[in-house]
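**Student:** One-letter residues, chain by chain:
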Amino acid sequence: MKKLLAVLLTLTLISANLVVAFAADTSTVPVNLTVEPQIFSITVPTVLLITQTSTGEVQVADNVVITNNSAGPVKITDISTTGVNGWSTVDYDGLDVKSAKVGIKNVGFLFKIGGTETKTTGADLNNFASSVSITKGQSIPIIYDAKLPAQSTALVNTQVAEVVFTFGWDE
Amino acid sequence: MIQAKQQQPTDKKREKILVIILLVVFVLSALLLSYQLMSLVGAKGTHPEKVHKIGFRADDNSTDGTIKGKSKKEIIAALNKKVAEMYNTITMNPNPIFADGKAKGTLDIINIKNHYPQVYEIYLKDTNQMIYTGGVEVGHKIETSNLLVDLPKGDYTCYLKVYLVDPATGDRIGMSPSTPDFLKVTVLS
Chain B
1 MKKLLAVLLT LTLISANLVV AFAADTSTVP VNLTVEPQIF SITVPTVLLI
51 TQTSTGEVQV ADNVVITNNS AGPVKITDIS TTGVNGWSTV DYDGLDVKSA
101 KVGIKNVGFL FKIGGTETKT TGADLNNFAS SVSITKGQSI PIIYDAKLPA
151 QSTALVNTQV AEVVFTFGWD E
Chain W
1001 MIQAKQQQPT DKKREKILVI ILLVVFVLSA LLLSYQLMSL VGAKGTHPEK
1051 VHKIGFRADD NSTDGTIKGK SKKEIIAALN KKVAEMYNTI TMNPNPIFAD
1101 GKAKGTLDII NIKNHYPQVY EIYLKDTNQM IYTGGVEVGH KIETSNLLVD
1151 LPKGDYTCYL KVYLVDPATG DRIGMSPSTP DFLKVTVLS
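In the order they appear, the protein sequences are chains B and W. For the first sequence, our numbering assigns the number 1 to the initial residue and increments by one for each residue that follows. For the second sequence, our numbering assigns the number 1001 to the initial residue and increments by one for each residue that follows.
These aren't lab readings, by the way, just hints derived from the structure by calculation. In this text the structure is predicted, and so the values were computed from the model without any measurement. Worth double-checking, as some hints may not be accurate.
Stated by the list, open to error - Straight line, CA to CA, 30 Å or less: simulated DSS-like cross-link-like pairs of lysine-lysine: (1) W:K1081 x B:K136; (2) W:K1073 x B:K101; (3) B:K112 x W:K1073; (4) W:K1141 x B:K136; (5) B:K112 x B:K101; (6) B:K98 x W:K1073; (7) W:K1082 x W:K1153; (8) B:K119 x W:K1081; (9) W:K1113 x W:K1016; (10) W:K1125 x W:K1073; (11) B:K105 x B:K119; (12) B:K105 x W:K1113; (13) W:K1072 x W:K1082; (14) W:K1072 x B:K112; (15) W:K1161 x B:K75; (16) B:K136 x W:K1082; (17) W:K1070 x W:K1102; (18) B:K75 x W:K1070; (19) B:K119 x B:K75; (20) B:K136 x W:K1102; (21) W:K1070 x B:K119; (22) B:K119 x W:K1102; (23) B:K136 x B:K75; (24) W:K1072 x B:K101; (25) B:K119 x W:K1082.
As the list claims (entries may be wrong) - If you anchor each label on the Cβ, the simulated ranges turn out as follows: (26) W:A1058 x B:T116: 51 to 61 Å; (27) W:V1027 x B:Q151: 52 to 62 Å; (28) W:K1073 x B:T135: 24 to 34 Å; (29) B:N127 x W:K1104: 41 to 51 Å; (30) W:S1029 x B:L155: 45 to 55 Å; (31) B:E117 x W:A1058: 46 to 56 Å.
As the list claims (entries may be wrong) - Anything over 10 Å on all C-beta distances counts as not near chain W; from chain B, calculated: (32) I42; (33) K101; (34) G114.
Glycine is no exception: its CB is placed at the ideal position from the N, C-alpha and C atoms.
Between the sequences and the hints, there should be enough to build the whole structure, so can you do that?
**Tutor:** Here's what the structure looks like:
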């Protein structure tokens, strides 16, 4: 009888140790994450400048960039082009400035942003159909061109259109 | 009768003199007319009011050479300089949270890297109603602030307009051509 009790006691102790050992193998440690509000920060031009010279040639700035200072990558999800102050955006490819009547307030735009080319295709229309990604800390150039007929009246810093770039997280 | 005969040679002499004078006047008139006609031909294409002027007088301000504007390089350099002054860095929390419609929310607007003060405006995308506007000086921040309207609990998709402001006049001198479409305002209760 004593031998039986000794065996049972031994088995009980062994099984208890096994349970503890098993529990130690499966214990979990939670990983908790706190995410502070992710800062959105981009640097963009507030104006795109165009000069039409006395001989009708168009010159534009060539140092325009968009810089992403945000916590992560962002993307340009849309570009809208709208004529203002009596000006209309027109088909960039279809506008022949050599034969267009003098003084007509039509302007066509071409943008090259991060390998994506966008042109105006009509009044307040363009063919931007994708998105342009800008990685964290990256600056991408905005190369642009404009076409417009010769003007009979000299203008100084007159707004002819507005361009809106819409941004979103690159998810 | 004798007197009449004596006067005949004198009259003929006078007639000759008169004819000579008339011939001289005619020749001079013809020369003058020719000169005027030549001037008219030379003035073809000018304004009518200037046609009657005869002769030429150079403008005292005229100089040698032709008129030249800025070179392509000079024009682009001037454009680049202006663009460089007009960059706008927009920095804010794209998901500001408000405990309720009257509480201050976590806007985290920062005006750094800019040459001008900024005005931020937040609009509801559905109704275009402006729900926040606030100015921030260069080097300053707006960590929290209140909405213009007491919005009920919910998540609101918004868009943003950011203006640069001339500190001397208060005039808006440029708007950022950007609208983050992920701007979401959350009101918790």
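**Student:** Does each hint fit the structure? Answer for all of them.
**Tutor:** Right, here's what the structure says about each hint:
A threshold of 30 Å between alpha carbons decides the hint, and for K1081 (chain W) with K136 (chain B) the separation of about 26 Å falls inside it, so the pair holds. Proximity of K1073 (chain W) to K101 (chain B) is assessed by CA-CA distance (about 28 Å); at most 30 Å being required, the pair is judged to hold. About 21 Å separates the Cα atoms of K112 (chain B) and K1073 (chain W), which keeps this hinted pair within 30 Å; it holds. Under the criterion of a C-alpha separation no larger than 30 Å, the hint pairing K1141 (chain W) with K136 (chain B) is consistent with the structure, at around 22 Å.
A hinted pair counts as satisfied when its Cα atoms are at most 30 Å apart, and K112 (chain B) with K101 (chain B) qualifies at roughly 28 Å. Among the hinted pairs, K98 (chain B) with K1073 (chain W) is consistent with the structure: their alpha-carbon atoms are about 23 Å apart, no more than 30 Å. Pair hint K1082 (chain W) plus K1153 (chain W) does not hold up; C-alpha atoms about 44 Å apart against a cutoff of 30 Å. Taken as a hint, the K119 (chain B) and K1081 (chain W) pair is honoured in the structure, with Cα atoms around 26 Å apart against an allowance of 30 Å.
For the hint pairing K1113 (chain W) with K1016 (chain W), the CA-to-CA distance comes to about 100 Å; that exceeds 30 Å, so the pair is violated. Using a Cα cut-off of 30 Å, the hinted pair K1125 (chain W) and K1073 (chain W) is violated, with the two alpha carbons roughly 43 Å apart. A C-alpha spacing of about 18 Å is found between K105 (chain B) and K119 (chain B), which places the hinted pair at or below 30 Å, so the restraint holds. At most 30 Å may separate the alpha-carbon atoms for a hinted pair to count; K105 (chain B) and K1113 (chain W) exceed this at roughly 36 Å.
Between the alpha carbons of K1072 (chain W) and K1082 (chain W) the distance comes to roughly 16 Å, so the proposed pair stays at or under 30 Å and holds. Distance check on the hinted pair: K1072 (chain W) and K112 (chain B) sit about 21 Å apart at the alpha-carbon level, within 30 Å; holds. For the hint pairing K1161 (chain W) with K75 (chain B), the CA-to-CA distance comes to about 18 Å; that is within 30 Å, so the pair holds. Pair hint K136 (chain B) plus K1082 (chain W) holds up; C-alpha atoms about 26 Å apart against a cutoff of 30 Å.
The suggested pairing of K1070 (chain W) with K1102 (chain W) is violated, with an alpha-carbon distance near 57 Å, which exceeds 30 Å. Taking the CA atoms of K75 (chain B) and K1070 (chain W), the gap is about 38 Å. The hint is violated against a cut of 30 Å. Between K119 (chain B) and K75 (chain B), the direct Cα distance comes to roughly 19 Å. Compliance with the 30 Å bound is thereby established for this hinted pair. Taking the CA atoms of K136 (chain B) and K1102 (chain W), the gap is near 35 Å; set against the 30 Å cutoff, the hint is violated.
Between K1070 (chain W) and K119 (chain B) the CA atoms are separated by roughly 28 Å; this keeps the pair inside 30 Å, and the hint holds. Proximity of K119 (chain B) to K1102 (chain W) is assessed by CA-CA distance (about 45 Å); at most 30 Å being required, the pair is judged violated. With a C-alpha separation of about 10 Å, the suggested pairing of K136 (chain B) with K75 (chain B) holds against the 30 Å cut-off. Distance restraint check for K1072 (chain W) and K101 (chain B): the Cα-Cα separation of roughly 25 Å lies within the 30 Å cut-off, and the hinted pair is therefore satisfied.
Proximity of K119 (chain B) to K1082 (chain W) is assessed by CA-CA distance (about 24 Å); at most 30 Å being required, the pair is judged to hold. For the pair A1058 (chain W) and T116 (chain B), the beta carbons lie near 57 Å from each other, so the given range of 51 to 61 Å is met. Our hint of 52 to 62 Å for V1027 (chain W) and Q151 (chain B) holds, since their Cβ atoms are close to 55 Å apart. The supplied range of 24 to 34 Å is met by K1073 (chain W) and T135 (chain B), whose beta-carbon atoms lie about 32 Å from each other.
Separation of N127 (chain B) from K1104 (chain W) is about 44 Å and conforms to the stated range, judged on CB atoms against 41 to 51 Å. Between S1029 (chain W) and L155 (chain B) the beta carbons are some 54 Å apart, a value that agrees with the proposed interval 45 to 55 Å. Taken as a hint, the range 46 to 56 Å holds for the pair E117 (chain B) and A1058 (chain W), whose Cβ atoms sit roughly 53 Å apart. Separation of I42 (chain B) from chain W is inadequate, the least Cβ-Cβ distance of about 6 Å not exceeding the 10 Å criterion.
The non-interface label for K101 (chain B) is consistent with chain W: the shortest C-beta to C-beta separation is roughly 23 Å, beyond 10 Å. Taking the minimum C-beta to C-beta distance to chain W, about 15 Å, the non-interface status of G114 (chain B) holds against the 10 Å cut.
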